[in-house]
Amino acid sequence: MRLRSDTAVVLRTYKLGEADRIVVLLTADHGKVRAVAKGVRKTRSRFGGRLEPLTHVTVQLHEGRNLDVITQAETIDTFRTIRDDLGRLGRAVAMLEAADHLSMEGEPTPELFRMLVGALRSLGENDSALVASAFLLKALALEGFRPQVEGCVACGAIEDLVAFDAGSGGLLCRPHRRGGAISPEAITLLGDILGGRLAAALATPRGPATGEVDRVATALFEHHIERRLRSVAVLDAG
Amino acid sequence: MSPYAGPVQDLIDELGRLPGIGPKSAQRIAFHLLKLPTPDAQRLATAITEAKARVAFCQRCFNVCEGELCDICADPRRDGNLLCVVEEARDLVAVEKTGEFKGRYHVLQGAISPIEGIGPEQLRIKELLVRLDPEGVQEVIVCTNPNIEGEATAMYLARLLDPLGCRVTRLASGLPVGGDLEYADELTLGRAIEGRRTLDAS
Ligand SMILES: [Zn+2]
Ligand SMILES: [Zn+2]
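Line by line, the protein sequences give chains P and A. As numbered in this note's numbering, residues -18 to 219 make up the first sequence, in order. As numbered in this note's numbering, residues 4 to 205 make up the second sequence, in order.
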C-alpha cells in the first residue's frame, strides 16, 4: 500500500454511490488527480468541508486500483471572502473549470497550479474585475497558445489594430480585420496581462474595456478547448 | 460498439442515467435485475410506472404530492409567514422530521451550479417570487445544502429577495451534535463561530 502526500486545489466533485464523492484535485506535483473521498457526504464525515471545491488543501492519498483514496485532508485556505460573495464565487468557479480543462492526470503542471493558487489568493484579497480573464489568458499562454496582442496576426502592423479573432489567434489591423471589434483600452489591458504588467491590469476597475477582455479571454479559451465554458455567465444574469 | 445485445444495453444505459450510478454500477444492477424472478422485476416496473402516474408536484411548492396541492400547502394550521426554501423534496422531509418548523416550504428542484452550467432560470425561483405577496410571507429561510451550489443559491436568493422587503435568513452552519470540536473543519468551525448565539443565564 502506497501513500503519498500532495498539496492541491479542489476543482470539483462528483457524487459517488450513497455517501462518497470523487474529488478532482489539481495537485502541485502530480497534475490532475481524481480520488475517492469515502463518506464525505455524511454530516459526521471527518473531512467536513475540507474537500469542497475551491479549497486549498494538503491531502494524503492511498493509491488504489482505479482511483486513489483520500485518507487525510488538511486545509491551507478556504477562500472565505470568495465563498461569501456571489460575484467572486462565479469568477473563481470559472478558473476552476478552466484549470480542469487544461490539466491532465499523470501530467505534472506545477506552473498552472501556482498560477491558480495565486489567482485565487488575489481574488480573495481584492474583487478585481480581470482576475479570471487574466488567469484564462495566462494559462493559455502557458500551454503555448499565447494570443498575439502586440500587432496584427496577418501582417504584423502595430497601428490601427481594430479587431480580435479567436480563430486567428489575436489582433488584426483595419485592412485585415476579422472577428469582433476591440477598443484601444481593451488592447492595452491584454498587453498588460500578457506583457508582465498584471498588477496594472488587475487594478483596473470594471468597465466596458474589462468586459471586452472577458469576452476575448472566454472566446479564446473556448476556441482552444473546443467546447463551451459552462460556468461563464451563469451568475451574471439577474 | 456496445458489448451487449440491444435490450440489455438499453437497460444499462437507462440505469446509468440515474444519479450516483456509474457505468459499472449500472452494469451490476442490470445483471441483478435480469436474474430476478419475473414477478419481482414486474413489481419494480409497476412501482415506477404507478409512482410516475399518480405522484405529481404540488402546484404551489413543488413538493411531491398526489393531488393539486401537497398536504403541507393544504394544511391551514401551517404558519404562512414563514417559508422554508429547500433544494429537493427529500430535504423538505429532513426538515419536517425535526418537528421544529411550522411554516410552509418551497422546493427549488435543484441548486445553482456554475460548474454544471445550471443557472437560476432552471430552478423554481419565478414560482417562489409569485408566492411571497399573496401568501404574506415575512421570512424566507434558505435551507439549501452547505456546499458551493447551496451557498451560491442562498446568496442569489438573498440578493433577489432583499429588495422586496422580505427577511431572508440562512440555515446556521454548525457542529454536528456529539462530534468533537478538534475534528471540525475550518469552514464549518469558522461559520459556527460567526453564527454563535447568546446563552441565557436564567
Ligand atoms: Zn494586418
Ligand atoms: Zn405544497
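Just to be clear, a hint being listed does not mean it is correct.
[As the list claims (entries may be wrong)] Straight-line distance between alpha carbons at most 27 angstroms, and here's what the computed DSS-like set of lysine-lysine pairs gives: (1) P:-4 x A:27; (2) P:23 x A:27; (3) A:100 x P:23; (4) A:27 x P:19; (5) A:105 x P:-4; (6) A:55 x A:38; (7) A:105 x A:129; (8) A:129 x P:23.
[As the list claims (entries may be wrong)] If you want a taste of the chain P side facing chain A, the calculated C-beta under 10 angstroms gives, among others: (9) -7; (10) 25; (11) 28; (12) 44; (13) 46; (14) 74; (15) 139; (16) 178.
The set of hints was computed from the structure by calculation and includes no laboratory data. We treat Cβ as the ideally placed atom computed from N, Cα and C, and that holds for glycine.
Tested hints:
Of the pairs offered as hints, the one joining residue -4 of chain P and residue 27 of chain A holds, with about 15 angstroms between alpha carbons and a cut-off of 27 angstroms not exceeded. A hinted pair counts as satisfied when its Cα atoms are at most 27 angstroms apart, and residue 23 of chain P with residue 27 of chain A qualifies at roughly 23 angstroms. At roughly 17 angstroms between alpha-carbon atoms, residue 100 of chain A and residue 23 of chain P fall within 27 angstroms of each other, so this suggested pair holds. Restraint check for residue 27 of chain A and residue 19 of chain P: the C-alpha separation of about 18 angstroms stays at or below 27 angstroms, so the hint holds.
For the hint pairing residue 105 of chain A with residue -4 of chain P, the CA-to-CA distance comes to about 32 angstroms; that exceeds 27 angstroms, so the pair is violated. For the given pair, residue 55 of chain A sits about 25 angstroms from residue 38 of chain A by alpha-carbon distance, which is consistent with the 27 angstroms threshold. For the proposed pair residue 105 of chain A and residue 129 of chain A, the alpha carbon gap of about 24 angstroms is at most 27 angstroms, so the pair holds. Under the criterion of a C-alpha separation no larger than 27 angstroms, the hint pairing residue 129 of chain A with residue 23 of chain P is inconsistent with the structure, at around 31 angstroms.
At a threshold of 10 angstroms, the smallest CB-CB gap from residue -7 of chain P to chain A is about 5 angstroms, leaving the interface hint in force. This hint holds: residue 25 of chain P has a C-beta 5 angstroms from the nearest C-beta of chain A, less than the 10 angstroms allowed. Because the closest C-beta pair between residue 28 of chain P and chain A is about 7 angstroms apart, less than 10 angstroms, the hint holds. A least Cβ separation of about 19 angstroms between residue 44 of chain P and chain A goes past the 10 angstroms threshold, and the interface hint is therefore violated.
Using the Cβ-Cβ criterion of 10 angstroms, the hint placing residue 46 of chain P at the interface with chain A is not satisfied: the shortest such distance is roughly 12 angstroms. The beta carbon of residue 74 of chain P is positioned within 10 angstroms of a beta carbon in chain A (closest approach about 4 angstroms), and the interface hint is therefore held. The beta carbon of residue 139 of chain P is not positioned within 10 angstroms of any beta carbon in chain A (closest approach about 38 angstroms), and the interface hint is therefore violated. Using the Cβ-Cβ criterion of 10 angstroms, the hint placing residue 178 of chain P at the interface with chain A is not satisfied: the shortest such distance is roughly 29 angstroms.
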